[in-house]
Amino acid sequence: MSSRNRQQRQIRGPQSALTDFLASHNISANQIRLDADARRRAAEADGDGAAPPQDAQATTASAAEPANENEDDTVAALPARGQRAAARLGQERRQKEQDVIDKIKSGKKKTSKRKSKDDDSDDDYELAKALSNAARPPGQSDNCAVCGKRFTVTAYSRNAPDGGLLCTPCGRELAKDDAVPKKKPKRLGNVEGRRQVQSKILDGTYHTGAKSLMTLCIETLAKNIDLADDISGLPSLVVDKIARKLSKHRLLDPNTLNLFIQPTVDELAIYDGAKLSADEYIRVIQTCPELKKLKIFNGIHFKDEVMDYLLSRHIELEDFHLHGANLLSDSKWQEFFQKKGRSLQSLKVSWTDKHFTNAALVVLKDTCPSLVRLKVMHNQSVSGDGIKGIARMPSLRHVSLDLRQTVHSDIYVDLVNRLSENLETLSLTRVANVDNTLLDAIHNKCRRLKKLRITDSEIMTDEGFYRLFTGWTNKGLEFVDFQNCRQLESMQPRLNPDGVGLCSKGFVALMAHSSRSLKFLNVQGCRHITRQGFEEAFGPDKVYPELVKLEISFCEEVTDFIVGSIFRSCPKLHELNVFGCMKVKDVRVPRGKILVGVPNAMGMVIDGDDV
Amino acid sequence: MASRLSRDEDVGDLPPTNVARNASKTYQWGGQKHGKNPATTIPDSDDLSDSDLSEPPDELVSDSSVGSLQGYIGTDDDDDDDDDEYDPTLPPRRDARDADEDDDITGIDDDDNDNQNDDEDEALDLLTVRGATANRRAYRRPRHKKRSMNDRERLLSNHPELKTLWTDLASQPILKAGKAEQPKSIKRQLKGFQLEGLAWMKAMEQTEWKGGLLGDEMGLGKTIQAVSLIMSDFPAKKPTLVLVPPVALMQWMTEIESYTDGTLKTLVVHGTNAKSKNLTVKDIKKYHVIIMSYNSLESMYRKQEKGFKRKEGIFKEESVIHQTTFHRAILDEAHSIKTRTTMTAKACFALKVDYRWCLSGTPLQNRIGEFFSLVRFLNIRPFACYMCKDCPCSNIEWGMNSDNRCNHCNHGGMRHVSVFNQELLNPIQKFGNSGPGKAAFKNLRTMTDRIMLRRLKKDHTNAMELPVKEINVERQFFGEEENDFANSIMTNGQRRFDTYVATGVMLNNYANIFGLIMQMRQVANHPDLILKKNSEGGQNVLVCNICDEPAEDAIRSRCKHDFCRVCVKTYLQSSVEPECPQCHIPLAIDLEQPEMEQDEVSVKKTSIINRIKMENWTSSSKIELLVHELHKLRSNHASHKSIIFSQFTTMLQLIEWRLRRAGITTVMLDGSMTPAQRQASINHFMTNVDVECFLVSLKAGGVALNLTEASRVFIVDPWWNPAAEWQSADRCHRIGQSRPCTITRLCIEDSVESRMVLLQEKKTNMINSTINSDDAAMESLSPEDLQFLFRGS
Ligand SMILES: [Zn+2]
Ligand SMILES: [Zn+2]
Ligand SMILES: [Zn+2]
Ligand SMILES: [Zn+2]
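Residue numbers (this note's numbering), protein chains in the order written: chain B, 1 to 611; chain H, 612 to 1404.
No lab work stands behind these hints: they were computed from the structure. We put the beta carbon where it would ideally sit given N, CA and C, even for glycine. Hints should not be assumed to be uniformly reliable.
Here are some of the chain H residues that sit facing chain B, going by a computed Cβ distance under 8 Å [as the list claims (entries may be wrong)]: (1) E792; (2) L806; (3) D1001; (4) P1003; (5) C1004; (6) V1079; (7) G1090; (8) E1093; (9) S1230; (10) H1239; (11) H1242; (12) S1250; (13) G1274.
Isolated chain B, as found in the complex (with noise of 0.2 Å):
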């Protein structure tokens, strides 16, 4: 249980320095404050049911947070407290913190010595590390537990005996009385724990609780892979994922990729073939007649001689995933198409360079002709002529684009009006300029639609959001991507006059329309979505129940109490990421959530302590 006491504005922190340099600069800092005040009490008041300040500064973070400490412990967004607040909170906490401290004290001795034999499942150690940093963040003015006295809580405070923290007389005089002064048991340089955790939780693997043993076996076998010789017997989901910690830890090499390679497979992911040559590809292509899906990622080396090589062998692929094969030309490419399209279903080719043409994907559309999934990403070449291609391909239920060159609207409207019937995924990424007329298109023609990207726009505006969502007959949409489609300009970026971006109104109705079906929903840098647009969305009668990750990071509007209605309104939450969200400062997670971050010096504050 924490009462943090960082709300102070980051004016108030510094304040002599600012203070003087404004005053140098002949700036009145109390007039910034007062502006910043002026606003803060504007927007507590169009903000029904907020708590009227009681400390103009303890306020600040959380202005609209509940008034009622002891609310429903489903909210879990707990507001920051004010040091009065923190005061008046008696033995009650003392003695959960204490629990708390307890709890870690034991662990890790547990730990220290269990270390000794395994250093791999400290799961217990390093959660009750996780939870030590909540419990007892630095910083929080407390009271002295001997003395009374009020005092700014350290990493170097003591325990009271009896609970609660003492202030630096107190702890000095009790540290006399210690006849062995035991070193802080805090953190036993146990600093690897700390940013292991964080690094996991980043990496969005970290776990509550222990490891299952699968993927204990997994990142032991990973870690021994010069001692396995034969993976052959294990099931696929398990070579699959012992590929991924190879090439996670970069080991894919011309001998571990024979642990891969069998005559029987019909499936082979080479997740990093930076370290493959043309030769280990061709050898691929020889010991797997079988191969139906093949992906490879850097593949570099991939090149004109390899395809020779598979054009000439028996190989009907299906799925074909290609990654940063550069030195591929583009006839080659079509040749592939010629000779081997017809079995193709899915097909992804990125990072190609200008090797992967229009010309190709206009074989495709005559050579392919049961293609289901495209995706071409990171493509420097490929430009409107090359979509009017893929229009034509009436199998084509998934297409993914991310192209350098620009392409007018016209020519995606023209691919949804021609592939509406059976589309179920689109994903354009980096589209600066396109424009409503495609969100209208997707309104008028996609009853199928599950996926859907738009990413990076500067003109689509909220109007033509609110439009699409607005008697979608669509059914609810799983994924949505609409990332930075938002109004780039420099010189007013708070006023938005024209609506441009997905902002407050078609947020609203894209949580509307899809509240049943959301899994995956990111309106990152979304900027204008208000926080009334976002307390609307997720406000006490709103669930989303398949909600399992949400990005809301550089949406500046976003507060604690909005992070905790999320965590209220999105009971499958995962994760939720809040980088750049500068008004989040202290919010309590609930337990198995994992908040991803919060911009303070407290790493990704995660995992509620809250049960």
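Fit chain H with the ligands to the given chain B structure using the hints.
The following block gives chain H with the ligands in isolation, referenced to the frame of chain B:
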């Protein structure tokens, strides 16, 4: 009117042609065009019309416009490069400044956390230069055309070879040496063009020049070609001397080691290497290769020439390197001697060497005047010579006695001219790319064709097998509170700028204006860069390098890094060969030492992290933008490594700490590190898959880093000079890279940064000829540009 090269590589294409090729690997999106500059332009004077500071050309223009024409060919902040002809009586060069310049080149920035001071100083420095030039111009007498005609005739009559100088040179065929065999002693397969380079180098050593300039663009493997050259006549009777910027010391060592499997006996001469103490000529001869930094050579030479002070007076000490005759000298990053009047350059000129080589990826990077220095080192006669107008005296050294008379012919110093300046520099400065200027460009090309081999990446992409490179701009906005603060800074800056304009004193206040712009740039990074410049108000507590918390019972290692006593104790126990978690050399620390005094003064000198209150600390939009990008890179099947560049050491410190708190393992290259620490840090990054980020300041990281394990580059704050950004990309986008590379520039849209980006676009052709020097690029901003920065219109 002066003219300029738009990019260094354009020299390879003189006279101007279009070099846009489809093979260009650079592209980007969002309307930001910062990729390869497609057109080679040597702009005619119209292009320069917005540079109001420039002055009409006159007889003396060659040195008259230092300030306004910064960055154009031949003008120079080091203003006497082009002066010798007219004004050889200049006082000796400011040696104090030499050191600064060398720092700039070699990438050493002092152990100094306040970059702003640096930058201000530099701005002031530039200002001083401008003032000085103006004064000098004021009392120079005008030259009469007639007299110069006469002088020209006299010169030609005494030095008839000048009449046919260029036709003679042009009649020599350009060396075509074909392809060498793969040298057996080199363990790595050389690419085709590298074998061609090797053959060319071997052939050049057989010509009268006995060496030359390998000017391959960065990332084409100049080092391996040079090492192959050393092996081509191994074992030579005398050792080879390799001079490098300090950053590259250990890198050369490791590369030699790995290419030749330790065949070459190599010595690194550096203060921190015990073996290099009290060397004798005999000792040196025992080695095949001696590697040392320009700085070390400079200091040896200085001791020999100028001596050093002791209580009893000035002592001189012979430089053992200068006593030794070498088989071959190789100057890596040879533009380090671009200013030929510095001690560093002189120390190189004074070497006793049979074969001379310059390696430089940017041989003509700023000004043609700088090329002179390389020509001088290579002893390219008669171009590097000074010739007397009144007699056949011709010398490669400028030797004047105390009466300013020539040591050789006793004619006045004023009567001697530099062939290089006379034939190339002056006409180009005076006439740009027209008339005599055009002819001089052609002659320059004739010369470079014969002494330089330069290949560009884009012509060898297939041979190099480079992956794709993509350049992006990520834009975000200030948060509300940041915006309040930033606005106050910007409004204030605007107001002061307006005052300067209104009162007509803008030109006299460039230094102040740069200071204002600097603040606006810093505030876009994090307010602490301004607020925590000093220690006041902060907590002034040392931070432990293990737990990233305020150090408890702080103690310091020999490498000067601080730890909690408990942390470091545990850390030492947990590892067999513990290395310092900060600088990665073997950790040496006295566990029994008394606790560090945490007084304000000592803390002030350390990282900015020690000056902030962690518990109150709030990040900035810029930092969060970076952390977010790194977060997005996390994947369950790939590890991405990134290089993070910033101008500000303090910013890097903040970032490092924030990243560590967020669970991201980092390595930081810091200007104060010893070569061993640098190399240890580089190795740590390259060999440890968990280390995700390599933080490096623009100054410390501009050259010689080879970080092919990384495939992402983040440029935290925009630079004036897009060329420097391209160069940063070359840290990872080079031979050996096999993963697609992304260069991401972070920009706060509602700060001065977006205007800088716009201005860069507008001025790409104007600014990008200067590669290393950001300030020189800034110098070329016109009053309108400055106005745009402050007002956005
Ligand atoms: Zn003479
Ligand atoms: Zn003379
Ligand atoms: Zn520590
Ligand atoms: Zn160290």
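Verification of the hints:
1. The closest approach between the C-beta of E792/H and any C-beta of chain B is roughly 22 Å, which is over the 8 Å cut-off, so the hint fails.
2. A distance limit of 8 Å between C-beta atoms decides the matter here; for L806/H the minimum to chain B is near 20 Å, and the interface restraint is violated.
3. The restraint placing D1001/H at the interface with chain B is violated, with a minimum CB-CB distance near 61 Å, outside the 8 Å limit.
4. A cut of 8 Å between beta carbons decides the hint on P1003/H: the least distance to chain B is about 58 Å, and the hint is violated.
5. Hint status for C1004/H: violated, given a least beta-carbon distance of 58 Å to chain B, over 8 Å.
6. Taking 8 Å as the C-beta contact cut-off toward chain B, the hint placing V1079/H at the interface holds, the least distance being around 5 Å.
7. The beta carbon of G1090/H comes within 3 Å of a beta carbon in chain B, closer than 8 Å, and the hint placing it at the interface holds.
8. Taken as an interface hint, E1093/H checks out: its beta carbon lies about 7 Å from the nearest beta carbon of chain B, inside 8 Å.
9. This hint holds: S1230/H has a C-beta 4 Å from the nearest C-beta of chain B, less than the 8 Å allowed.
10. Among the interface hints, the one on H1239/H holds; its C-beta lies about 4 Å from the nearest C-beta in chain B, closer than the 8 Å criterion.
11. Annotation: interface hint on H1242/H holds; nearest CB of chain B at approximately 5 Å, less than 8 Å.
12. Interface restraint check: S1250/H against chain B, minimum CB-CB distance 5 Å, threshold 8 Å, status holds.
13. Nearest Cβ of chain B to the Cβ of G1274/H: about 3 Å, under the 8 Å cut. The hint holds.
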